[in-house]
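Engineer: Heads up: the sequence lines are chains E and F, in that order. First residue of the first sequence? That's 2 in the numbering used here, and the numbers climb one at a time after it. First residue of the second sequence? That's 181 in the numbering used here, and the numbers climb one at a time after it.
Careful, some of the hints might be misleading.
DSBU-like, lysine-lysine: derived pairs with alpha carbons at most 35 Å apart [claimed, not checked]:
{"no.": "1", "chain 1": "E", "residue 1": "K39", "chain 2": "F", "residue 2": "K239"}
{"no.": "2", "chain 1": "E", "residue 1": "K108", "chain 2": "F", "residue 2": "K240"}
{"no.": "3", "chain 1": "E", "residue 1": "K97", "chain 2": "F", "residue 2": "K232"}
{"no.": "4", "chain 1": "E", "residue 1": "K108", "chain 2": "E", "residue 2": "K97"}
{"no.": "5", "chain 1": "F", "residue 1": "K186", "chain 2": "E", "residue 2": "K113"}
{"no.": "6", "chain 1": "E", "residue 1": "K92", "chain 2": "F", "residue 2": "K232"}
{"no.": "7", "chain 1": "E", "residue 1": "K39", "chain 2": "E", "residue 2": "K92"}
{"no.": "8", "chain 1": "E", "residue 1": "K113", "chain 2": "F", "residue 2": "K239"}
{"no.": "9", "chain 1": "E", "residue 1": "K110", "chain 2": "E", "residue 2": "K97"}
{"no.": "10", "chain 1": "F", "residue 1": "K186", "chain 2": "E", "residue 2": "K108"}
{"no.": "11", "chain 1": "F", "residue 1": "K232", "chain 2": "E", "residue 2": "K113"}
{"no.": "12", "chain 1": "E", "residue 1": "K92", "chain 2": "E", "residue 2": "K110"}
{"no.": "13", "chain 1": "E", "residue 1": "K97", "chain 2": "F", "residue 2": "K239"}
{"no.": "14", "chain 1": "E", "residue 1": "K108", "chain 2": "F", "residue 2": "K239"}
{"no.": "15", "chain 1": "E", "residue 1": "K92", "chain 2": "F", "residue 2": "K239"}
{"no.": "16", "chain 1": "E", "residue 1": "K108", "chain 2": "E", "residue 2": "K92"}
{"no.": "17", "chain 1": "E", "residue 1": "K97", "chain 2": "E", "residue 2": "K39"}
{"no.": "18", "chain 1": "F", "residue 1": "K232", "chain 2": "E", "residue 2": "K110"}
{"no.": "19", "chain 1": "E", "residue 1": "K113", "chain 2": "F", "residue 2": "K240"}
{"no.": "20", "chain 1": "E", "residue 1": "K92", "chain 2": "F", "residue 2": "K240"}
{"no.": "21", "chain 1": "F", "residue 1": "K186", "chain 2": "E", "residue 2": "K39"}
{"no.": "22", "chain 1": "E", "residue 1": "K110", "chain 2": "F", "residue 2": "K239"}
{"no.": "23", "chain 1": "E", "residue 1": "K108", "chain 2": "E", "residue 2": "K39"}
{"no.": "24", "chain 1": "E", "residue 1": "K110", "chain 2": "F", "residue 2": "K240"}
{"no.": "25", "chain 1": "F", "residue 1": "K186", "chain 2": "E", "residue 2": "K110"}
{"no.": "26", "chain 1": "F", "residue 1": "K232", "chain 2": "E", "residue 2": "K108"}
Which chain E residues stay away from chain F? Per the calculated CB distances, all over 10 Å, these [said to hold, decoys possible]:
{"no.": "27", "residue": "R93"}
{"no.": "28", "residue": "G162"}
{"no.": "29", "residue": "R167"}
Derived by calculation from the structure, the hints in this document are not laboratory data. Since the structure is predicted, the reported quantities are computational estimates derived from the model, not experimental observations. Just so you know, even glycine gets a beta-carbon here, dropped at the ideal spot from N, CA and C.
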Amino acid sequence: MQIIEKINGKETDFEVPAFENSNGNESQQQQPWWHNLKYLAVGMIFGIVFVKAEIISWYRIQEMFRLQSFHMYGVIGTAVVVGIISVWLIKRSGIKTIHGEPITFTKKKFSKGQVYGGLLFGLGWALTGACPGPLFAQIGTGALAVTLVVLSAIAGTWVYGYFRERLPH
Amino acid sequence: MLEAIKAPWPWYITGALIGLIVAALLLLGNKHFGISANLRHICAACFPANIKFFRYNWKKEIWNLFFVAGIILGGFIATQWLSNPAPVNINPALAEELASYQLTDHSSLVPGELFSFESLFTLRGFIIMVAGGFLVGFGTRYAGGCTSGHSIMGLSNLQWPSLVATVMFMIGGFIMANLLLPFILRL
Numbered sequence: 002m003q004i005i006e007k008i009n010g011k012e013t014d015f016e017v018p019a020f021e022n023s024n025g026n027e028s029q030q031q032q033p034w035w036h037n038l039k040y041l042a043v044g045m046i047f048g049i050v051f052v053k054a055e056i057i058s059w060y061r062i063q064e065m066f067r068l069q070s071f072h073m074y075g076v077i078g079t080a081v082v083v084g085i086i087s088v089w090l091i092k093r094s095g096i097k098t099i100h101g102e103p104i105t106f107t108k109k110k111f112s113k114g115q116v117y118g119g120l121l122f123g124l125g126w127a128l129t130g131a132c133p134g135p136l137f138a139q140i141g142t143g144a145l146a147v148t149l150v151v152l153s154a155i156a157g158t159w160v161y162g163y164f165r166e167r168l169p170h
Numbered sequence: 181m182l183e184a185i186k187a188p189w190p191w192y193i194t195g196a197l198i199g200l201i202v203a204a205l206l207l208l209g210n211k212h213f214g215i216s217a218n219l220r221h222i223c224a225a226c227f228p229a230n231i232k233f234f235r236y237n238w239k240k241e242i243w244n245l246f247f248v249a250g251i252i253l254g255g256f257i258a259t260q261w262l263s264n265p266a267p268v269n270i271n272p273a274l275a276e277e278l279a280s281y282q283l284t285d286h287s288s289l290v291p292g293e294l295f296s297f298e299s300l301f302t303l304r305g306f307i308i309m310v311a312g313g314f315l316v317g318f319g320t321r322y323a324g325g326c327t328s329g330h331s332i333m334g335l336s337n338l339q340w341p342s343l344v345a346t347v348m349f350m351i352g353g354f355i356m357a358n359l360l361l362p363f364i365l366r367l
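Using the sequences and the hints given, assemble the complete structure.
Structural biologist: If you want it as structure tokens, here you go:
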């Protein structure tokens with residue numbers, strides 16, 4: 002089995018590896034910058050999917066929270082089912098990345114941040130009608146005023162970083 | 181074929197594609213699907229201000245910024261060449277409710293009356309864009325992830341804290357959309 006399940010008591014952030022005490026979980030391979038173009042390509046497909054399925058639509062998000070449409074529930078539900086099967090197959094087969102690196106998963110620790118932060122994000126989600134991914138896609142569609150929303154989201158992230166030690170986690 | 185691409189895509193196609201993106205990122209370079217971390221990398225790159233939370237080697241996570249650049253580009257491509265000229269389909273009950281707040285322009289995916297540079301100078305536009313954006317940035321980082329990091333990637337890896345986060349995302353959304361937003365839209 003190639004899986005390294007990492008438990009990290011200190012880091013509560015799921016999307017960012019524990020940088021402070023790097024222990025080799027994240028990619029150690031040094032690759033030229035243009036290797037990142039493959040992520041640009043995946044992002045492009047993702048952006049097209051976002052627009053074509055109208056996930057970036059403020060109206061679809063409002064319909065979801067008013068229980069007026071099944072669309073968003075169908076999208077998220079299908080994505081999770083396909084994701085669960087993919088992750089299970091990857092773990093089971095012990096397949097490596099295209100560069101021969103083992104694929105690792107991080108075990109998530111519970112923190113009160115998931116409750117308080119989750120609630121605050123939910124309020125913002127219904128106000129802006131977008132989560133972070135769709136915000137970027139909306140800018141691509143020409144809704145340039147959404148840049149202001151992104152700048153404000155960056156400010157929100159910064160303020161969180163500033164007060165982090167004093168917030169309940 | 182092109183007609184089918186130009187029409188809005190059904191949920192089961194979209195959901196499956198998003199699920200496959202989780203697998204693609206893992207196979208391409210052991211990358212965990214997530215987007216809101218970008219906002220942290222931007223802070224770390226541009227305004228670290230000696231805050232511990234922003235002192236890390238963000239360059240190691242630069243793939244995520246390429247991913248986001250791709251999303252912007254994808255949005256542009258879909259709108260320029262793959263779009264469908266018909267107006268956005270909206271549930272009649274929602275259209276009626278929005279009309280009561282003078283929101284009747286349904287020509288694009290975001291209501292032009294709310295998301296514009298002029299709207300920033302109205303109270304409701306300011307709350308929706310600036311306060312809304314702030315809550316998205318603050319909340320996702322506090323929760324340690326957004327809908328992609330928690331609701332898709334976290335649930336795909338059967339992490340129960342991600343389920344907690346997802347349930348809270350939904351509760352927050354229900355409260356805002358049904359209880360608070362009607363007052364804000366009337367401003």
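Engineer: Now look at each hint and say whether the structure bears it out.
Structural biologist: For each hint, the structure was consulted:
no., hint, in the structure
1, K39(E) to K239(F), "holds, 17 Å"
2, K108(E) to K240(F), "holds, 21 Å"
3, K97(E) to K232(F), "holds, 33 Å"
4, K108(E) to K97(E), "holds, 19 Å"
5, K186(F) to K113(E), "violated, 43 Å"
6, K92(E) to K232(F), "holds, 34 Å"
7, K39(E) to K92(E), "holds, 23 Å"
8, K113(E) to K239(F), "holds, 29 Å"
9, K110(E) to K97(E), "holds, 25 Å"
10, K186(F) to K108(E), "violated, 40 Å"
11, K232(F) to K113(E), "holds, 20 Å"
12, K92(E) to K110(E), "holds, 20 Å"
13, K97(E) to K239(F), "holds, 24 Å"
14, K108(E) to K239(F), "holds, 24 Å"
15, K92(E) to K239(F), "holds, 28 Å"
16, K108(E) to K92(E), "holds, 14 Å"
17, K97(E) to K39(E), "holds, 17 Å"
18, K232(F) to K110(E), "holds, 20 Å"
19, K113(E) to K240(F), "holds, 28 Å"
20, K92(E) to K240(F), "holds, 24 Å"
21, K186(F) to K39(E), "holds, 25 Å"
22, K110(E) to K239(F), "holds, 25 Å"
23, K108(E) to K39(E), "holds, 26 Å"
24, K110(E) to K240(F), "holds, 23 Å"
25, K186(F) to K110(E), "violated, 42 Å"
26, K232(F) to K108(E), "holds, 23 Å"
27, R93, "holds, 13 Å"
28, G162, "violated, 4 Å"
29, R167, "holds, 12 Å"
Against the hints set out earlier in the document, violations occur for numbers 5, 10, 25, 28.
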